[in-house]
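Could you put together the complete structure from these sequences and hints?
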Amino acid sequence: MGTLADALRNAVGLIVSLDADLIEYAGRSLYIALVSTCLASMAAVPIGILLAERAFRGKRIVVTVLNTLLGVPTVVVGLLVYSFISRQGPLSALGMLFTVPGIITGEVLLILPLITALTLTAVARLDRDVRRTALSLGANEAQALWAVFRESRFGILAAIIAAYGRVVGEVGIATILGGNAAGFTRTLTTAIVLNVEMGYFERALALGLVLLGLSFTLNIAFQLLQGGGRGQ
Amino acid sequence: MFKRILSGAFCIVTALGCWAAADDSVLTLATTTSTQNSGLLDHIHPDFEAKTGIRVKVVARGTGASLQLAREGNADVVLVHAPDLEKAFVDEGFGIDPRAVMHNDFVVVGPEADPAGLRAVKGAAAALKAIYDGQQAFVSRGDNSGTHVKEQDLWRASGVALNEKETRLLSKGETVSFTQVAPKGDWYFSIGQGMGPTLSFATEKRAYTLVDRGTYLAFARCEEPKTDLVILSEGDPVLMNPYSVIAVNPEKFPSLNYQGAKQYIAWLTSPETQALIASFKVGGETLFHPDVKP
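Line by line, the protein sequences give chains A and B.
Position one of the first sequence corresponds to residue 1 (the numbering used here), numbered consecutively onward.
Position one of the second sequence corresponds to residue 1001 (the numbering used here), numbered consecutively onward.
Honestly, the hints are just simulated from the structure, not real lab data.
Computed from a predicted model, the values in this text were never measured in an experiment.
The C-beta atom is built at its ideal place from N, Cα and C for all residues, glycine as well.
Check before you lean on any hint, since a few could be wrong.
Unchecked claim - Estimated spans, in silico, between C-beta atoms of each pair:
| hint | chain 1 | residue 1 | chain 2 | residue 2 | range |
| --- | --- | --- | --- | --- | --- |
| 1 | A | Pro101 | B | Lys1165 | 20 to 30 Å |
| 2 | A | Glu24 | B | Met1240 | 29 to 39 Å |
| 3 | A | Trp146 | B | Glu1166 | 40 to 50 Å |
| 4 | A | Glu151 | B | Ser1177 | 53 to 63 Å |
| 5 | A | Tyr31 | B | Asp1228 | 27 to 37 Å |
| 6 | A | Pro101 | B | Asp1114 | 25 to 35 Å |
| 7 | B | Gly1093 | A | Ile23 | 48 to 58 Å |
| 8 | B | Ser1177 | A | Pro101 | 27 to 37 Å |
| 9 | A | Leu34 | B | Ser1177 | 47 to 57 Å |
| 10 | B | Ser1177 | A | Gln226 | 40 to 50 Å |
| 11 | B | Val1238 | A | Arg9 | 39 to 49 Å |
| 12 | A | Ile61 | B | Arg1168 | 55 to 65 Å |
Stated by the list, open to error - Derived list of chain A stretches under chain B, where covered just means 3 residues or more per stretch with a C-beta under 8 Å from a C-beta of chain B:
| hint | region |
| --- | --- |
| 13 | 86-98 |
| 14 | 126-137 |
| 15 | 180-186 |
| 16 | 198-208 |
This is the structure:
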């Protein structure tokens, strides 16, 4: 228990003193999580809405594959991307291995299926008549889909928040594609693993508490937002 | 209802505790990543397990972390390579029965093209200075391992401008601090990983790095070489890399497998095992040289 108390005091100490390492790791973690989530959402949300609203041959297979991809282990995503961007890989010329964009590539691939599948669920849960009503009221197809998006926005937002949470706490891809280089690609999670391996357990725990804060903050903001939405 | 959940949880924890309970047929060895990544331990441990019936659980981390694990009672015996850290470990009363086992040496490797011109200078510290002067990519373990300790010694000896970074933290109610030195520059990558990943990182980045010869040969002389970096500085006496085996003091932690540790040390320093260590070759080269004189 003493360890946990030490960790709390260490964490407070790190935050209060604006520890340069802490700011760097937390900033990088936040940056990677936000950019990955934005990029993935821009593709996954429209795909999810279209998949939910359109009927086509093989839709069930697509949905099944999508749900299967939800379970892909992060290290496997990391290894796959690694094999493409390493010196022996076909995309070696991009020089993306052990860079932040390299990590983001992996994270985006990781959460694309997650956001798509959760968006699909959120839209499918909606009354099927939203789109038809919009169309009958004179909306064109794009406006009707916009209406669908508006009606399921909290479900979609929940999908995006879940994806953010997955990226911010992710360590496999960050290690394999980032390489944990101090000042370049070290994130909160890889710094935590390193501190454990170096035997600085209290420091690792302190960073862990900061990571918890980072992943909770957005969730709490979302809860507040949703509460506000219901009140209207 | 709450009672039931509580008693259920208690049963599970107890069962897990029994499952994980220490037993004398397992010996926990905290060692460096170089002995593990080079393949030496896989080469010699089957003999120990066959002779004693004791299975060796290897936890491979840097020397600093291995000694820290041992200080916390999480290892029975350590096999490490940082004489200064080892001395402190024994002086503090955590380590007993230290024995020299074997040595190899460190080498500085880098790309064949050698943009910093290491081939033209003599000595390891001068080699690092050449890298600094040329602002060429260098990858550091950065993990307080024996290799990292040696690298920092070399940077200090090289006379280049260094950043000293002290980190303080509370541990068991006391403030402890640790210091790392590193040259400043965006060509210096401190990656905080084991020897294998560090060599891979350097290979990818076409960078220089300090590596123990054992791990380097295991990477470069195997059937499908995992690195095309070449040795550019070697032979300086300061690059000598001695390994010692040390038992963890059972007076500090009575639950340790001290008998197993004693057996392990006796076995590791026996003439047969020393010969076995000498017989471990990659690409025709001996990776570790036995240090116990018969």
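Status of the hints after comparison with the structure:
no., hint, verdict
1, Pro101(A) - Lys1165(B): 20 to 30 Å, "holds (27 Å)"
2, Glu24(A) - Met1240(B): 29 to 39 Å, "holds (36 Å)"
3, Trp146(A) - Glu1166(B): 40 to 50 Å, "violated (56 Å)"
4, Glu151(A) - Ser1177(B): 53 to 63 Å, "holds (57 Å)"
5, Tyr31(A) - Asp1228(B): 27 to 37 Å, "holds (33 Å)"
6, Pro101(A) - Asp1114(B): 25 to 35 Å, "holds (29 Å)"
7, Gly1093(B) - Ile23(A): 48 to 58 Å, "violated (39 Å)"
8, Ser1177(B) - Pro101(A): 27 to 37 Å, "holds (35 Å)"
9, Leu34(A) - Ser1177(B): 47 to 57 Å, "violated (34 Å)"
10, Ser1177(B) - Gln226(A): 40 to 50 Å, "holds (45 Å)"
11, Val1238(B) - Arg9(A): 39 to 49 Å, "holds (40 Å)"
12, Ile61(A) - Arg1168(B): 55 to 65 Å, "holds (57 Å)"
13, 86-98, "holds (count 4)"
14, 126-137, "violated (count 0)"
15, 180-186, "holds (count 6)"
16, 198-208, "holds (count 7)"
The structure shown violates the earlier hints numbered 3, 7, 9 and 14.
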